[in-house]
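Peer 1: Each chain, letter by letter, is given below.
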Amino acid sequence: VTARQRYKSLFYALGWLIAAGIVFQIALGSGMGRFFAVVDERFSRIAQFFSSKQSTAIRTARQTSRSEYLAPLHTTLSSVTALRKPERMLFGIYDGGFPNTFAGMEQLEGALRYKFPIISFYSAWGDKPTQQFPIRMVETIHSMGSVPLITWEPWVVDFDERLRTNLKPVAEREYASLAAIAKGEYDFFLVPWAKAAAAFRKPILLRFAHEMNDPYRYPWGPQNGNRPEDFVAAWKHVHLIFQKMDARNVLWVWSPHISMPWFEYYYPGPEYVDWISTGVLNYGDIASWSRWWSFHQILEKAYPTLLRMEKPIMISEFGTLASGGDMTEWYRQAFYHVTHTYSRGVKAVVFFNQPNDITISPTYPLNWSVTQNNRAIEVVAQEIGRLSAL
Amino acid sequence: MPLWYDDAELLRHRRAAAARGWERWVLAVLIFLGVQSVFSFALWWFRAHHVNSLTLFVLLSFATWYGVFRILVGWYNLFHVDQPEPIAAPPGLSVAIFTTSSPGEPYEMFVRTLAAAREIRYPHTTYLLDDTRDPRFRALAEEMGAVHLELVGIPGAKAGKINAALERTSEDFILVLDPDHIPFPEFLDRVLGYFDDAEVGFVQVAQAYGNAAESFVARAAAEQTYAFYGPILQGMHGTGTTVAIGANCTFRREALASIGGHGIGLAEDLVTSIRLHAAGWKSVYVPEVVSRGLVPSDLDSYLKQQLKWSRGVYEVLFREYPRAFRSLTGFQRISYLMIGTYYLVGLTALIFFAVPVIYLWTGRQPAAFLLTEYIERALPVGFFGVAVYFFAQRWLCDPDRERGVHWRGMLMKMGAWNVYLHGLVLAILRIAVPYIPTAKERRRGRFARLARVPLVMLALSVLTIAWTVYLQLYVVPESEVLITTEVTLGMVTFALVNALLMSGRLYAAWVDRTRGGEA
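One line per chain: the protein sequences are Z and A, in this order. Per the numbering used here, residue 1 is the first one in the first sequence, and the count goes up by one each step. Per the numbering used here, residue 1001 is the first one in the second sequence, and the count goes up by one each step.
Since the hints were made in silico from the structure, they are not lab data. All figures in this text were calculated on a predicted structure; none of them were measured in a lab. Built from N, CA and C at the ideal position, the CB exists for glycine as well. Please note that a few of the clues may not be correct.
Here are a few chain A residues that face chain Z, going by a calculated C-beta distance under 10 Å [claimed, not checked]: (1) Ile1351; (2) Thr1372; (3) Arg1377; (4) Pro1380; (5) Tyr1474; (6) Val1481.
With the rest of the complex left out, here is chain Z (with noise of 0.2 Å):
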């Protein structure tokens, strides 16, 4: 008897303990989370402290540095006006390595001659640290002169289940996600961020949920239930949520995929837009959907549609693989196409300089990087050259 009696106190103990535990641990998720949060402002703001003491060591020690070689464009850089209408063409970078390494971006600047004003990375929705606000990303590229373009990507599956309660189930979030956006679903993650961009205080050009009119890319495409209406409200109210949050250094970067017909009926409409961006990768003939297109074949089609949207348009996503045709032709050709057939409208080029690109297959990477080929590299360096000494 007493043992059973036993067992049956040490079932009901356990029993407790598990449950005071479950609780306890909620408590901890949550309590500690506006704890972390402060823990979180107070080392970025030490990290932010160093890193500036380390960038005037460097300048004072190797007596030049990124930053002073961008001074003279630092007018438009560092002014929300100014790079609405720049008075330049522009030249931007993302790299494979980002946000782990800038070794790729050295290379290729070095290989150049050349510094980009503008630093493409890519940043998702989610609960990870990493997946909020990039401080210091975006820390470290305006402390070396640049300007950071940020592609924003609404993965609304990232938000923890055990978590955010209050979201749908995993596996049902995809459907209709960007209504959900609209409706303040995300109010919670997008509301931190957004105050975080805003005490950044200089320019970010933000490149919200890109693409959203091709099928076969994200989720947030039109696959998933979503209207070219929902995106419409999505981004009003995102864009909403950074004017409420006084993130007016903030610049809104919308990207549809040209390829797709009717993207013009995702536009949010000019008050909510200050830049129009597209890709311009040409896949030459690694696949069967694919074959070698100019970097004008890509864009001719477009382009009088997003000419009458009268914002300056970014090429934010560009380059060439090498299979199927010449690499420095193409890159010549698209340098006379961009300063001649669309200089009216294209005012800043992002290399896509990734040289590992898995989003098609994992096993058969693609390289999208001017630095495999050394005449590529001598033309694009030419090219830059003429152009930023304009």
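Assemble chain A onto chain Z, guided by the hints.
Peer 2: Using the frame of chain Z, we list chain A on its own:
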């Protein structure tokens, strides 16, 4: 000051406070919250995307979770904190006190110890197990009413002599008294009652030290023992895992006989107690100060003692533990495993030292999480660890003297990391601890030898930091420097902390440089 210098106070009987009901509840709550913090820390730590360099991540995880696991088992043990009700010693037991003397041990020490042994109230016979071949010792034994046993040339050091003496004597109970301990008159009265239970094989009392104020090393060595003889051994009493510690343990002859005599080895006490437990004998821990002894007061002796212990403990882990495993209770299995792996701290310290150095020289990073995240997640675990540590100090044997942060003990433990690692290597290679002559050495040489490890580590840290500053100023691309600020800052801080952890040993070596001629 009077805390450590008043002899009358030092040589007074004390007993640790018993745990009260509400204290157990507070402890339970603290431990519960602590376990939950560990749980949430673990859920966060072990995520696939945290792995950066796999090898380094595995090593860092081992070092971190070895420490956390020890904390958990420590809490589990502490939760059972308990002490036996005093039982009056029944009259008429036959009791022997064994104390051993070896060549080179100071004569004066035996004068004090044997005189104190004579004053122990319960009727007993004191035996001096002597191999000094020094006629003064024989005369002293006779003068102090002790029996002199001439035991020259017996292998197995102290334990060998004890076994030889067991053959020549017949008392039912044997107190093994270290000659550097001064027993109080009530010693046997506080101990013998527990043998009423025929299953009790040995009774251990607390070890307290009187010379903690003598030097930094002595203070540190004493600090390392406080928690053990206070709350920890009381927890072990509660789980039936009290171990025999060489000195001041009283054995039942029958128990020793059942395992073929006292165990032999560098950790002869541990060998004996694991064998006794395996043979089914119970043990009792009496949290009372009934003697005061000496801790090593100079660095050289301290490090030699630590090497001996770590080598001996590993021997128990590798040889005795597997043999005894089947016969031990569940608690005892855990307990002896924890004791056996205690000195792995030498290995984990090496890992912690290596991580920042490897990163700053090669850029290889074990984990992909941010320093801030790590601090945030580890903070609750650390908080409850410290809270429990301080809360449990109410169960120290001599709280007035022993309460505190015990930072000296921690520094000296970290400072001796290479000795513990050495012990592990020797145990794996089955090399006996080399005999290090205790003859006086030249002072200058002494500092260089004792301070070599901390100095090398200090130099390595300074060099690493200087190299990092150089790279950052002139070589590494600006962007790279700026994006890695947090990691660099964190790793440089770790390197600095590691260098600082060596300060205790360095200081001790520096002090011994001028004190070296004494003793």
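Peer 1: Hints first: check each against the structure and report whether it holds.
Peer 2: Consistency of the hints with the structure:
Hint on isoleucine 1351 (chain A) is violated. Least Cβ distance to chain Z is approximately 23 Å, over the 10 Å limit. Nearest Cβ of chain Z to the Cβ of threonine 1372 (chain A): about 4 Å, under the 10 Å cut. The hint holds. Taking 10 Å as the C-beta contact cut-off toward chain Z, the hint placing arginine 1377 (chain A) at the interface holds, the least distance being around 9 Å. Taken as an interface hint, proline 1380 (chain A) checks out: its beta carbon lies about 7 Å from the nearest beta carbon of chain Z, inside 10 Å.
The closest approach between the C-beta of tyrosine 1474 (chain A) and any C-beta of chain Z is roughly 6 Å, which is under the 10 Å cut-off, so the hint is satisfied. At a threshold of 10 Å, the smallest CB-CB gap from valine 1481 (chain A) to chain Z is about 6 Å, leaving the interface hint in force.
In the structure shown, a violation is registered for the earlier hint numbered 1 alone.
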